[in-house]
Amino acid sequence: MSGRHAFPFALLALALLGGCATTSPEARRALDEAQAELLAIRTEPAVRLSAAKDLERAEESLERAERFSSYLGSEEDVLHYAYLSRRYSQIAREHGAQRQAAERVAQLEKERERLQLALSEARLITAEQQGEWLEEQLLGQATTETERGLVMTLGDVLFDTGRAELRASATRTVLQVAKFLRLNQRRVVRIEGYTDSQGDAALNLELSRGRARSVRDMLVDLGVDGKRIQVAGYGEAHPVAENASNQGRARNRRVEIVFSDEEGTLGAER
Amino acid sequence: MNSARFSVALLFVFLAGCASDPAPHEQLRLSEVALAQARAVGAGEEQAELALAQGKYEQARAALAAGRHKEARLLAEQAELDAQLAEAQLLTQKSNKQVAELEQQVGALRQQLEAL
Numbered sequence: 001m002s003g004r005h006a007f008p009f010a011l012l013a014l015a016l017l018g019g020c021a022t023t024s025p026e027a028r029r030a031l032d033e034a035q036a037e038l039l040a041i042r043t044e045p046a047v048r049l050s051a052a053k054d055l056e057r058a059e060e061s062l063e064r065a066e067r068f069s070s071y072l073g074s075e076e077d078v079l080h081y082a083y084l085s086r087r088y089s090q091i092a093r094e095h096g097a098q099r100q101a102a103e104r105v106a107q108l109e110k111e112r113e114r115l116q117l118a119l120s121e122a123r124l125i126t127a128e129q130q131g132e133w134l135e136e137q138l139l140g141q142a143t144t145e146t147e148r149g150l151v152m153t154l155g156d157v158l159f160d161t162g163r164a165e166l167r168a169s170a171t172r173t174v175l176q177v178a179k180f181l182r183l184n185q186r187r188v189v190r191i192e193g194y195t196d197s198q199g200d201a202a203l204n205l206e207l208s209r210g211r212a213r214s215v216r217d218m219l220v221d222l223g224v225d226g227k228r229i230q231v232a233g234y235g236e237a238h239p240v241a242e243n244a245s246n247q248g249r250a251r252n253r254r255v256e257i258v259f260s261d262e263e264g265t266l267g268a269e270r
Numbered sequence: 001m002n003s004a005r006f007s008v009a010l011l012f013v014f015l016a017g018c019a020s021d022p023a024p025h026e027q028l029r030l031s032e033v034a035l036a037q038a039r040a041v042g043a044g045e046e047q048a049e050l051a052l053a054q055g056k057y058e059q060a061r062a063a064l065a066a067g068r069h070k071e072a073r074l075l076a077e078q079a080e081l082d083a084q085l086a087e088a089q090l091l092t093q094k095s096n097k098q099v100a101e102l103e104q105q106v107g108a109l110r111q112q113l114e115a116l
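Taken in sequence, the protein lines are chains L and E.
With this note's numbering as the guide, the letters of the first sequence map in order to residues 1 to 270.
With this note's numbering as the guide, the letters of the second sequence map in order to residues 1 to 116.
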């Protein structure tokens, strides 16, 4: 009699230990999806380089899920390890994407630097070609020798009323200054902003500083080392003409560039 | 008779395996670390994967408290990877944004150069 009972037990034990046929459709689908996810990325160079560990774990988890799928009653584990495998693959994919983005960033930063250089070169060359540049011209016409040193005045016309941004027409003048500073590497400058006496004194002070900073920013864009440029704003102080007339006020609205001597010694601030 | 005994013993060994899961305290700690890291890089609950991770982490703690150790371990393991994916997705997003900004800057510089 006992022999007849033993047979079903043995069968049951066998069924527990082996038999792929027991995999449910849901488990099968989870396994297939995990496998597809892994296949899609495992050969991508960026993924292999940046996420070798995650790839390895995705493979291990998938193998584990496959192993469990051959045991009866292990559906929960199949789904679990298939899930983990997919997640590892997805994480690996993200790491690969990050690596590619980082490479692109490095490439673009180099390109940006090259373009900035090319742009400042091109601007200087354009100025030269148009015959705008003569050092004597800069020194002779636009500047005056004062007790503060050599001073170049940028007139009111280079700015819109009440605005700190330079007009495009200012480019020529600022280019000359940039070229001059390139030829005279030891010289430094102080850029000083001034306004007329109309309007709020505090606003005028801020506007004068803003305009001086605009000139500084443009010089820096054109390749002048920012360390060679000081900036100051004096607002309504130190007028060069009476504020009573339109003409006088227009003369008072100005930016002055004070050049150091050839040794780089700059007069004291006002 | 012997083979029947053997089969029954085998069955018990197999079933016993399920009941003897140790409490997954270490795994819960790992999940917590992964969640904290994802939040540290700026991931928020509006990100589906992070919300998923948080939900599973809480379920895992509840399962652990109720003595369902295996359930707690599975949930916590999934929560850990959900959080890691949320973090990785966010970092990818940030990198892509940086690329877009640089591309824009480079494009603007090209235009300026051509306009000269």
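Simulated from the structure, these hints should not be mistaken for laboratory data.
Predicted, not measured: the structure shown is a model, and the values here were computed from it.
Beta carbons are placed, not taken as given, at the ideal position from N, Cα and C, and that holds for glycine.
Take these hints with a grain of salt, some might be off.
Here's a subset of chain E near chain L, in silico, CB distances under 7 Å, partners left out [stated by the list, open to error]:
1. 30
2. 33
3. 52
4. 84
5. 90
6. 93
7. 95
8. 102
9. 104
10. 107
11. 109
12. 111
13. 112
14. 116
Results of checking the hints against the structure:
Hint status for residue 30(E): violated, given a least beta-carbon distance of 13 Å to chain L, over 7 Å. At about 15 Å, the closest approach between the beta carbon of residue 33(E) and any beta carbon in chain L exceeds 7 Å, and the interface hint on this residue is violated. Annotation: interface hint on residue 52(E) violated; nearest CB of chain L at approximately 10 Å, more than 7 Å. A distance limit of 7 Å between C-beta atoms decides the matter here; for residue 84(E) the minimum to chain L is near 5 Å, and the interface restraint holds.
With 7 Å as the threshold, the beta carbon of residue 90(E) stays out of range of chain L, its nearest partner Cβ sitting at about 9 Å, so the hint is violated. Taken as an interface hint, residue 93(E) does not check out: its beta carbon lies about 10 Å from the nearest beta carbon of chain L, beyond 7 Å. Taking 7 Å as the C-beta contact cut-off toward chain L, the hint placing residue 95(E) at the interface holds, the least distance being around 3 Å. Here the hint on residue 102(E) is kept, as its CB sits about 4 Å from the closest CB of chain L, short of 7 Å.
About 10 Å separates the beta-carbon of residue 104(E) from the nearest beta-carbon of chain L, more than 7 Å, and the hint is not met. Annotation: interface hint on residue 107(E) violated; nearest CB of chain L at approximately 10 Å, more than 7 Å. A cut of 7 Å between beta carbons decides the hint on residue 109(E): the least distance to chain L is about 4 Å, and the hint holds. The criterion of a C-beta within 7 Å of any C-beta in chain L is not met by residue 111(E), whose closest approach is roughly 10 Å, and the hint is violated.
Annotation: interface hint on residue 112(E) holds; nearest CB of chain L at approximately 6 Å, less than 7 Å. About 5 Å separates the beta-carbon of residue 116(E) from the nearest beta-carbon of chain L, less than 7 Å, and the hint is met.
Going down the numbered hints, you'll see the structure goes against 1, 2, 3, 5, 6, 9, 10, 12, while the others check out.
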